[in-house]
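**Student:** Working from the sequences, and respecting the hints, build out all of it.
Chains as they are written, first to last, in the UniProt record's numbering: chain W, 1 to 476; chain F, 1 to 182.
Hints may contain errors.
Derived, one-sided and incomplete: chain W residues facing chain F with beta-carbon distance under 10 Å [what the hints assert, rightly or not]: (1) Ile7; (2) Val130; (3) Arg146; (4) Val252.
Since the hints were derived computationally from the structure, they do not count as laboratory data. Positions of the beta carbon are idealized from the N, C-alpha and C atoms, including for glycine.
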Amino acid sequence: MAKTVVIDPVTRIEGHAKISIYLDDAGEVEDARFHVVEFRGFEKFCEGRPMFEMAGITARICGICPVSHLLAAAKTGDKILAVQVPPAGEKLRRMMNLAQLTQSHALSFFHLSSPDFLLGWDSDPAKRNVFGLIAADPDLARAGIRLRQFGQTVIELLGARKIHAAWAVPGGVRSPLSQEGLEWIKDRLPEARQTTELALNLLKRLLDSDLASEVDIFGKFPSLFMGLVAPNGNWEHYGGHLRFIDSDGNIVADGLSEDNYQDYLGEAVENWSYLKFPYYKPLGYPDGIYRVGPLARLNVCDQIGTPDADRELREFRDRAGSRVATSSFFYHYARLVEIMACIEAIEALVEDPDITSSRVRADAGINNLEGVGVSEAPRGTLFHHYKVNENGLIQKVNLIIATGQNNLAMNKTVTQIAKHYIHGNEIPEGLLNRVEAGIRCFDPCLSCSTHAVGQMPLHIELLKPDGTIVDEVYRN
Amino acid sequence: MEKIRFATVWLAGCSGCHMSFLDLDEWLIELSEKVEVVYSPVGCDLKEYPENVDVCLVEGGIANEDNLELIKQVRSRTKLLISFGDCAVTANVPAMRNMLGSTDHVLKRCYLELGDFTPQLPREPGIVPELLERVSPVHEVVDVDIFMPGCPPSSDRIKATLAPLVEGKMPKMEGREMIKFG
Ligand code: SF4
Numbered sequence: 001m002a003k004t005v006v007i008d009p010v011t012r013i014e015g016h017a018k019i020s021i022y023l024d025d026a027g028e029v030e031d032a033r034f035h036v037v038e039f040r041g042f043e044k045f046c047e048g049r050p051m052f053e054m055a056g057i058t059a060r061i062c063g064i065c066p067v068s069h070l071l072a073a074a075k076t077g078d079k080i081l082a083v084q085v086p087p088a089g090e091k092l093r094r095m096m097n098l099a100q101l102t103q104s105h106a107l108s109f110f111h112l113s114s115p116d117f118l119l120g121w122d123s124d125p126a127k128r129n130v131f132g133l134i135a136a137d138p139d140l141a142r143a144g145i146r147l148r149q150f151g152q153t154v155i156e157l158l159g160a161r162k163i164h165a166a167w168a169v170p171g172g173v174r175s176p177l178s179q180e181g182l183e184w185i186k187d188r189l190p191e192a193r194q195t196t197e198l199a200l201n202l203l204k205r206l207l208d209s210d211l212a213s214e215v216d217i218f219g220k221f222p223s224l225f226m227g228l229v230a231p232n233g234n235w236e237h238y239g240g241h242l243r244f245i246d247s248d249g250n251i252v253a254d255g256l257s258e259d260n261y262q263d264y265l266g267e268a269v270e271n272w273s274y275l276k277f278p279y280y281k282p283l284g285y286p287d288g289i290y291r292v293g294p295l296a297r298l299n300v301c302d303q304i305g306t307p308d309a310d311r312e313l314r315e316f317r318d319r320a321g322s323r324v325a326t327s328s329f330f331y332h333y334a335r336l337v338e339i340m341a342c343i344e345a346i347e348a349l350v351e352d353p354d355i356t357s358s359r360v361r362a363d364a365g366i367n368n369l370e371g372v373g374v375s376e377a378p379r380g381t382l383f384h385h386y387k388v389n390e391n392g393l394i395q396k397v398n399l400i401i402a403t404g405q406n407n408l409a410m411n412k413t414v415t416q417i418a419k420h421y422i423h424g425n426e427i428p429e430g431l432l433n434r435v436e437a438g439i440r441c442f443d444p445c446l447s448c449s450t451h452a453v454g455q456m457p458l459h460i461e462l463l464k465p466d467g468t469i470v471d472e473v474y475r476n
Numbered sequence: 001m002e003k004i005r006f007a008t009v010w011l012a013g014c015s016g017c018h019m020s021f022l023d024l025d026e027w028l029i030e031l032s033e034k035v036e037v038v039y040s041p042v043g044c045d046l047k048e049y050p051e052n053v054d055v056c057l058v059e060g061g062i063a064n065e066d067n068l069e070l071i072k073q074v075r076s077r078t079k080l081l082i083s084f085g086d087c088a089v090t091a092n093v094p095a096m097r098n099m100l101g102s103t104d105h106v107l108k109r110c111y112l113e114l115g116d117f118t119p120q121l122p123r124e125p126g127i128v129p130e131l132l133e134r135v136s137p138v139h140e141v142v143d144v145d146i147f148m149p150g151c152p153p154s155s156d157r158i159k160a161t162l163a164p165l166v167e168g169k170m171p172k173m174e175g176r177e178m179i180k181f182g
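**Tutor:** Structure below.
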């Protein structure tokens, strides 16, 4: 009998999701789908609110990466005010984003994913979690907890709270960094660096041994990659422009501005998920599959631009066996390399004379009625697009969220893993855990991802229970 | 002393309250000596909410059919249910859609409004849960034992609530430190 196995809920990810695995009569996997099952509707209910509230409201899209929404909202506001942010304001915003990348990546690695690596895919599901890690390796757990704490505390020192600090505003930031805060950051940087090295060494050791085979099975396939790069092609998380590359490392498009993202990004809808399916428009749907996030950022950049992170990037590329890493399993590795990049960038910022300057904000009224802001969230590129009226009240909102852009790739990854491991109708829990772990590679943030409204082309398939297409609707 | 059976669930929220829980940082290590985490989206792989849970933190409002089903199950299997954060206590940000009336507005805007095609919303029965017409705070649907507001509640407030509970005492939810919104 053909049957469907549903994993519900997918755990150790951030948000609500299920996975369906479709088996044929012989118990072989025909297909697998990743369903996102939450929806809140921000774009609609933000209409009519003052533009200055957008940072505070959109931060509540996601408690893991509120800083990304804060920055994207502030950058969109910069354009609507038509102001230039003072240098100290930009550097402080950068510092907060670096801290957020650090805390979020530490959470993904230590709290959510390492239990699979260290306790085992097939270990007791009641213990295969951060509390199990605390019991099994308290020193490592403590180090990971403190690395996340470092990032969260830098955010708090800047914005007065760890989660939902309404601190970045159109024109800059609300308050400077205190001398005391600066000293705290300097004091804790060496430990943060040490833990990052520890994690890198640990993961590399596992890649050489226990996790060697996962690299080929967990979502290894060609796709495009997109991310911000600096004007000189270096790794970037806040400014610069967008670049697409393919799996061979060819630059497909470069120097793209966020302002006209609708020219190159489209979004498709499937009826089985609240999460839409963005794609690179010139290649169409679904051929325009692209990946964003840590793996993409390391793939699109020429280099990182700081010594230790660059050394790690070279080794990362060596281990990938090619200029572009195509295995989704390498997201885990890319996250750790990025933490190193963040620590080095924070090390440079704490020595920057601007960093305690009090000139942090430019003030202006509404000078443009439309703006698009972009930032690199931990999970990838985030776009905010607002239209306002003369009084700065929001007329239209569009949000393109990082995780959504990995939707096609996440589906491909779970299908690949399911097809590899699952044969026959008896499916051990550990195998299902591996399928879920395919999703954990992407560290998706589903709180974020289901709020984007597209004025985008849509593609809808109506399927019979046996999966055959009854009807297809396209809209351009 | 026997370990307290502890759970956390998230409904319609942003996971910020759970992140604030993780901001307990090293106190989590102490906590793990006193509680057994039996269900939690961030801290446990078990898929079924178990029986005989002593304490459960509930983040988020009730926004869809899955939330509704889960909260009823949680209530019937939990001794002490804590409404955890402003979304659980007041429905907060997710309830901003209530002002628009029916769910059609948010859904149509998102998936249909701009198109000229056969209406087709994400709605696979049994998989993609239907939205409820209104987002409700938890206590409108089931009884709540402790209200812990905040968006999110700070980790200090979470600690001040949980520390007495794991010793078998009730926390005092009084004063600005404990019951301020936002
Ligand atoms: S109360 Fe605030 S932090 Fe908690 S889930 Fe709701 S929006 Fe997020």
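**Student:** Go through the hint on W/Arg146 and say holds or violated, using the shortest Cβ distance to chain F against 10 Å.
**Tutor:** holds (7 Å)
**Student:** Measuring from the C-beta of W/Val252 to each C-beta in chain F, is the shortest one below 10 Å?
**Tutor:** With a closest approach of 28 Å, the W/Val252 hint is violated.
**Student:** Per the CB criterion, is W/Ile7 less than 10 Å away from chain F?
**Tutor:** Given a least distance of 7 Å, the restraint on W/Ile7 holds.
**Student:** Can the hint on W/Val130 be confirmed by a CB-to-CB distance to chain F that is less than 10 Å?
**Tutor:** Holds, about 6 Å.
Hint compliance for this structure: hint 4 alone is broken.
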